[in-house]
Amino acid sequence: MSVQRAPSEPSSETPAEVRVRELEAALAEERQRLADLLEVSPGWIWETDADLHLSHLAGRFEAGTGIAPKRWLGRDIGDLLAPASDAPDPAGAMRAGTPFTSLTGVADSPLGPRHLMLSGKPWFDDTGRFRGYRGTGRDVTEAVEAESRTAALHRRFIEAIESVPASLLLCDPDDRIVVCNSATRRYFPKVQHLLVPGTRFEDLVRAQAESGVLDGIEGDVSDWVAARMMRHRAADLVMTRPHIDGSWVQIIERRTSDGGIIGIRLDVTELKQREQALAEETERAAAYARELERSNGELEQFAYIASHDLQEPLRMVASYCQLLQRRYGGKLDKDADDFIEYAVEGARRMQRLINDLLGYSRIGRRGTGPENFAAADALDIAVTNLQGTIAETGARIDAGPLPTIAADRSQIVQLLQNLIGNAIKFRRDEPPVVRITAAPEIVPEGGTAMARFTVADNGIGIAPEYLDRVFLIFQRLHERSKYPGTGIGLAIAQKVVENHGGRIWIESTPGEGSRFHFTLPLGVQPGS
Amino acid sequence: MDTMAMEHVSVRPIEILLIEDNPGDARLTQEALREARVSNRLSHVHDGVEAMAFVRREPPFAEAPRPDLILLDLNLPRKDGREVLAELKTDPVLRLIPVVVLTTSEAEQDILRTYELHGNCYITKPVNLEKFLHIVRAVEHFWLAIVKLPSRRDLGD
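Quick note, the sequences are listed as chains P and Z, same order.
For the record, in the first sequence the residue sitting at position 4 is 848 according to my numbering, with numbers rising by one throughout.
For the record, in the second sequence the residue sitting at position 35 is 37 according to my numbering, with numbers rising by one throughout.
Hints were generated in silico from the structure; no laboratory data involved.
Possibly wrong hints are sitting among the right ones.
Here are the simulated DSS-like pairs of lysine-lysine, each with C-alpha atoms no more than 30 angstroms apart in a straight line [said to hold, decoys possible]:
no., chain 1, residue 1, chain 2, residue 2
1, Z, 81, Z, 91
2, Z, 81, Z, 133
3, P, 1175, Z, 81
4, Z, 133, Z, 150
5, Z, 133, P, 1178
6, Z, 91, Z, 133
7, P, 1034, P, 914
8, Z, 81, P, 1269
9, P, 1178, P, 1116
Just so you know, these numbers come straight off a predicted model, no measurement behind them.
Put together the whole structure using the sequences plus the hints.
Here's what the structure looks like:
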């Protein structure tokens, strides 16, 4: 605040005195201005002597830094301020004797290390002698820490996107590259120089297309780029595309919250190859299945035709052998009778084989299709059909509760008849006992519900080494005179079961009996 | 009825036409009929064309007797047995002659087709001689001794 003399006493002063007074007033005003400025400034002013020892501090020094000015005054500025980084620091600049602006040094403080930003210039006396430095200072610790936190965050972000094995490419709302990780280079092998912030995404895409690494670009590249950019701008994209080197890249593009787009690129070559291998494998399996089905069909057709057509000439052979026997039996000699007998018997056996083969080939050709019926009904019919044999051998047929099944009724009758007939045929000296039971079969989820049937007998059983042969067509394990038959029964049983999507297998203990197991699809019980 | 049939055949033998391409089968039928109780005369043609010529008395069968019973095989050369049956059964006079289909086929559609074409019965040739003889005798007995056939006048004689 300046002080004005009263105008009533101006004349008592000499002009020099007036001059002094005026200068004093100006000085006071200048001091006041400085004091005011320092009072409102967030910083401070400082001054050193010619040896760069701090000689003056004024303003908000202690309030900002937490350092008492008396601890600093008189000390070498180089001891007080250490360089904050590789950048030029205030003490260095002062030692070099140059003016400086906004250089930061680090000072010890009871509050911890403080970043102080100083500006200063050397000052000289009237004679031009260097008298020291003076300047302003400011505590920028908070700003520096905030900046370093930001830098650390950025570093972590970069580390994070670098650790992703996919390419990440971020574009701003103007569709220019903001950042991408180094994995991105793999996907743009010939235009890596464009993978820098500021590149327009469209320029990158065009350069990539023109570089020839993409496969399947037909026609004009500009059209392709236009179409690609349309999809890019929709920013809701998942696509897989081939590269010329045979690799496959999956591209995912999504809108970011600020209106930019993040693109993710993944090498899915291995996945694609596996997918293709699987598809090829599936196709091969399907082709194999078709081929198998065709050849099975042909085989069945062949068996049918062969057995049907064989019957015709065989009927002639058999009939005329029998006619010979009828007309000339006992009229020639003993040898002739024997020969005719062998021929008749051979023809008869062949007729049985052909009939069986015909029957076998007819399974699956005929039939009424699946219907729901009680397995017990089929068993009743099978047992009735076997009544003669059962009575003759004194066999006992027991059955547990049997479920409703979905099957071809006549085929199931034949299946049960063959298995029970088989059990009775291969009996021991005691009367045969055959027991038929059923239980639910455990099937994988989503599979057809199946029942497992068991036909157990107390017969002669089968040695383990023959178990896998019993279902083969015309496979006989015993001499014909002891156990007659062509060996078709179990082959037919197996075919019936497999026609119904089931499986059949056998367990046996020689001398104790056999257990035939087979599965059939469960039916829906009427009214349930 | 039995007596009447016997009286009927006592006048003259029953005429049977066998349409069969397999000589072995034809001979077997012949052999079986040789032992027949009823006096019969068997004529044998080898295919459908001959068969139609025979029943229509066209050359070289101008002098052929009118058959009382036809035994027809289905699988024949030139004209198939099914065609023969169809032609016989659409002819206002010939359709009066009973036709016994005697074949190796067990196919459902052959059986159905035979009756659709008004065949009188369908028999599958058995593979066993005894059964074959039995069947021929049964046919002979049924058609020649039991049933009453249309009179020759009705057949244009």
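query = Are the Cα positions of residue 1175/P and residue 81/Z separated by 30 angstroms at most?
reply = violated (43 angstroms)
ask   = Going straight from one Cα to the other, do residue 81/Z and residue 133/Z come out at no more than 30 angstroms?
value = holds (29 angstroms)
task = Could you grab the alpha-carbon distance between residue 133/Z and residue 150/Z and see if it respects the 30 angstroms cut-off?
result = holds (25 angstroms)
message = Between the alpha carbons of residue 133/Z and residue 1178/P, is the straight-line distance 30 angstroms or under?
response = holds (26 angstroms)
ask   = Does the alpha-carbon distance linking residue 91/Z and residue 133/Z stay inside the 30 angstroms limit?
value = holds (29 angstroms)
Pair hint outcome, residue 1034/P versus residue 914/P [Cα-Cα no greater than 30 angstroms] = violated (65 angstroms)
key: Hinted pair residue 81/Z and residue 91/Z, Cα distance within 30 angstroms   = holds (15 angstroms)
query = Under the criterion that the straight-line Cα-Cα distance not exceed 30 angstroms, is the pair residue 81/Z, residue 1269/P satisfied?
reply = Judged against 30 angstroms, a Cα distance of about 49 angstroms means the pair is violated.
message = Check whether the Cα positions of residue 1178/P and residue 1116/P lie no farther apart than 30 angstroms.
response = violated (81 angstroms)
The structure fails to meet hints 3, 7, 8 and 9 from the earlier list, while all remaining hints are met.
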